[in-house]
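J.: With these hints in hand, go ahead and build the complete structure from the sequences.
Going down the list, the protein sequences come from chains A and B. Using this note's numbering, the first residue of the first sequence is number 1, and each one after it goes up by one. Using this note's numbering, the first residue of the second sequence is number 1001, and each one after it goes up by one.
Keep in mind that the hints are not guaranteed to be accurate.
Distance ranges between label pairs, derived from CB positions [unchecked claim]:
#  : chain 1 : residue 1 : chain 2 : residue 2 : range
1  : B       : Arg1104   : A       : Arg45     : 29 to 39 angstroms
2  : A       : Phe37     : B       : Arg1104   : 20 to 30 angstroms
3  : B       : Gln1160   : A       : Lys135    : 30 to 40 angstroms
4  : A       : Gln96     : B       : Arg1104   : 17 to 27 angstroms
5  : A       : Lys135    : B       : Phe1102   : 32 to 42 angstroms
6  : B       : Leu1240   : A       : Thr197    : 50 to 60 angstroms
7  : A       : Lys135    : B       : Ala1157   : 31 to 41 angstroms
8  : A       : Lys135    : B       : Ala1094   : 28 to 38 angstroms
9  : A       : Thr197    : B       : Val1037   : 55 to 65 angstroms
10 : A       : Ala258    : B       : Leu1261   : 46 to 56 angstroms
11 : A       : Thr197    : B       : Val1245   : 43 to 53 angstroms
12 : A       : Thr212    : B       : Arg1101   : 35 to 45 angstroms
Cross-link-like lysine-lysine pairs, in silico, DSS-like; alpha carbons within 27 angstroms at most [stated by the list, open to error]:
#  : chain 1 : residue 1 : chain 2 : residue 2
13 : A       : Lys135    : B       : Lys1179
14 : A       : Lys157    : B       : Lys1179
15 : A       : Lys148    : A       : Lys56
16 : B       : Lys1179   : A       : Lys158
17 : A       : Lys100    : B       : Lys1179
18 : B       : Lys1179   : A       : Lys117
19 : B       : Lys1177   : A       : Lys135
20 : B       : Lys1198   : A       : Lys117
If you're looking for bench data, these hints aren't it; they were derived computationally from the structure. For every residue, glycine included, the Cβ atom is placed at its ideal position computed from N, Cα and C.
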Amino acid sequence: MTVVAMNVAAVKPVEPAAMASAAAPAHIAARNLAVDFTVQGRRQRVLSDINIAVPKGSFVSLIGPSGCGKSTLLKVMAGLVAPSEGEMRVAGLSPQQAVKARLIGLVFQEATLLPWKNAIENAAFLLMTADETMKRGEAFDRAAKMLKMVGLEGAEKKMPSQLSGGMRQRVAIARALALDPEVLLMDEPFGALDAITREEMSECLLDIWERTNKTIVLVTHSIDEAVLLSREVHVMGTGPARIIETLPITVPHPRNEASYSDPAFTAAEKRLRSLLIESHRRGRK
Amino acid sequence: MTDMTAETPAMPWYANRFWRGLYNGLPAIALSAAVLVVWEAVIRLFKVPTFVLPAPTAIVESLIANARPLAFAAQATALEVLFGFVLSAIVGVAVALVIVRFERFGRALYPLIVLFQNVPKVALAPIFILWFGYDLSPKILLIVVIAFFPVAIDMLAGLQSVEPSFVSLMRSVGASKSKIMLRVRIPHSLPHLMAGLKVAITFSVIGAIVGEFAGANQGLGYMIQFASTQLDTPLIFAALLVVSVLGLAFYYVVEYAERVLVPWAPKFDPIHSAG
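T.: The following block contains the structure:
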């Protein structure tokens, strides 16, 4: 039944996500957000007029050419970059407050594991940093659970140098999940992995999302990845960096390999490709 | 599936560690032996006076004859090296930490340190002797001014080469600057620190010998100088041999410490260490 409803939405793209966000307050919301950077004494607008509403438990992707500010937008959500204008709200709080409330988990393109700690110590590391009062055993239990969730059972004692790129990234995801954040922010988490590993990781992430129901924001370069994983894709363009279109993805859940041949998938993929090519062309002018 | 552990196949004799080591070390051993033989032959053939250049056998003779005084001298020098090195390490690490932690002060301090590094330290030896006399302290001080620099510079490089995403991660859970320093920056800098310490230990030996040249009543440097006034060239060479062995021993102690303390340090992998 839900499948039918979604397919109707595909024909007439007035997004169900927007309806959901109208009903419940958005989990992550940006209003008229702008960010200026000072580069060599010159003020530069790297993001302008960003309005975004991510419903709780949704999966949203930010896609766009290099330099479109998608990573910066993610950093604003994570409280690492302060907005110059407008505001960002995460779970109704400012990003800094959200950080204090441990609502945010981060995953980067590089796994950034501490080379002197093994997999489970790495997975527990941020949790123990965030909560000094937590007992080591408790933190390790949670880390072990998360390692199991990302499919790394049995590799707890391995050092980062003994893990493949995909496995290292799984540890990084487990480390973020161990914080039990409400929001998972991922900046091209699979960008440094080979194609097959990427697909594996996508499925792993889908699985995690379905099981934990976290709000996930993913920055990616990959159209396939964005369509397969997201409920909604925000396409960003350059000059000035902004969101040029928000595309709801109506591919039915649960998604898997078969989803690639779904008509909604191919339609969304085609639309995204033409938007990206267009924005890329405009960016070069 | 066959059980690989059940029956270890007999290893050929050349797979044995001892023979492999011998085989790999053979060229070096052969070359050293050849040099010694040629050296000895030249001295005997051309009747080179011993006070100009002693034959290897004469050096060994002197080494055996002076074993006790050489051992005492080595002990004195080793003590200076040890104290000087430890103090250099402490000063170097402290300087690096201060520069990183107190950015403004660091910006003022750093050029001064680089400037100081360009002062020829050997020239400071007489001043230190003048200030502190003939005992241990001027040598230790000389070692510190020579050897703290590589420690400070390498530690600094280590502290500052932490990937920004690490810092972002720590900030994303609300970690303070000092927490990031303690949990991420300092451990991350340890391999760099060990590289600096390896340079510092060789500098420490040089510093001790120079300090003893400038004014001392014991130590290998003092012994070399004393022997030169007596034209006892074999003893000079014997003392030099002891200095080299001492330096080598110190170096390998530091390298062993590196392997134990920072097993994750990249080894001979420039691409890895650059990343």
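J.: Run every hint past the structure and note whether it holds.
T.: Hints versus structure:
1. Arg1104(B) <-> Arg45(A): 29 to 39 angstroms: holds, 30 angstroms
2. Phe37(A) <-> Arg1104(B): 20 to 30 angstroms: holds, 23 angstroms
3. Gln1160(B) <-> Lys135(A): 30 to 40 angstroms: Holds - the Cβ-Cβ distance for Gln1160(B) and Lys135(A), about 34 angstroms, lies within 30 to 40 angstroms.
4. Gln96(A) <-> Arg1104(B): 17 to 27 angstroms: Check passed, 25 angstroms falls within 17 to 27 angstroms.
5. Lys135(A) <-> Phe1102(B): 32 to 42 angstroms: Distance hint for Lys135(A), Phe1102(B) holds at roughly 35 angstroms.
6. Leu1240(B) <-> Thr197(A): 50 to 60 angstroms: Holds - the Cβ-Cβ distance for Leu1240(B) and Thr197(A), about 57 angstroms, lies within 50 to 60 angstroms.
7. Lys135(A) <-> Ala1157(B): 31 to 41 angstroms: Holds: the Cβ-Cβ distance is about 36 angstroms, inside 31 to 41 angstroms.
8. Lys135(A) <-> Ala1094(B): 28 to 38 angstroms: Check passed, 34 angstroms falls within 28 to 38 angstroms.
9. Thr197(A) <-> Val1037(B): 55 to 65 angstroms: holds, 59 angstroms
10. Ala258(A) <-> Leu1261(B): 46 to 56 angstroms: Holds: the Cβ-Cβ distance is about 52 angstroms, inside 46 to 56 angstroms.
11. Thr197(A) <-> Val1245(B): 43 to 53 angstroms: Since Thr197(A) and Val1245(B) have Cβ atoms about 52 angstroms apart, the given range 43 to 53 angstroms holds.
12. Thr212(A) <-> Arg1101(B): 35 to 45 angstroms: holds, 39 angstroms
13. Lys135(A) <-> Lys1179(B): holds, 18 angstroms
14. Lys157(A) <-> Lys1179(B): Holds. Lys157(A) to Lys1179(B) sits at ~25 angstroms (cutoff 27 angstroms).
15. Lys148(A) <-> Lys56(A): Answer holds: Lys148(A) to Lys56(A) is near 25 angstroms, not above 27 angstroms.
16. Lys1179(B) <-> Lys158(A): Judged against 27 angstroms, a Cα distance of about 25 angstroms means the pair holds.
17. Lys100(A) <-> Lys1179(B): Judged against 27 angstroms, a Cα distance of about 15 angstroms means the pair holds.
18. Lys1179(B) <-> Lys117(A): holds, 17 angstroms
19. Lys1177(B) <-> Lys135(A): holds, 23 angstroms
20. Lys1198(B) <-> Lys117(A): Given pair Lys1198(B), Lys117(A) holds - Cα atoms ~24 angstroms apart, limit 27 angstroms.
This entry satisfies every hint, going by the numbered hints stated previously.
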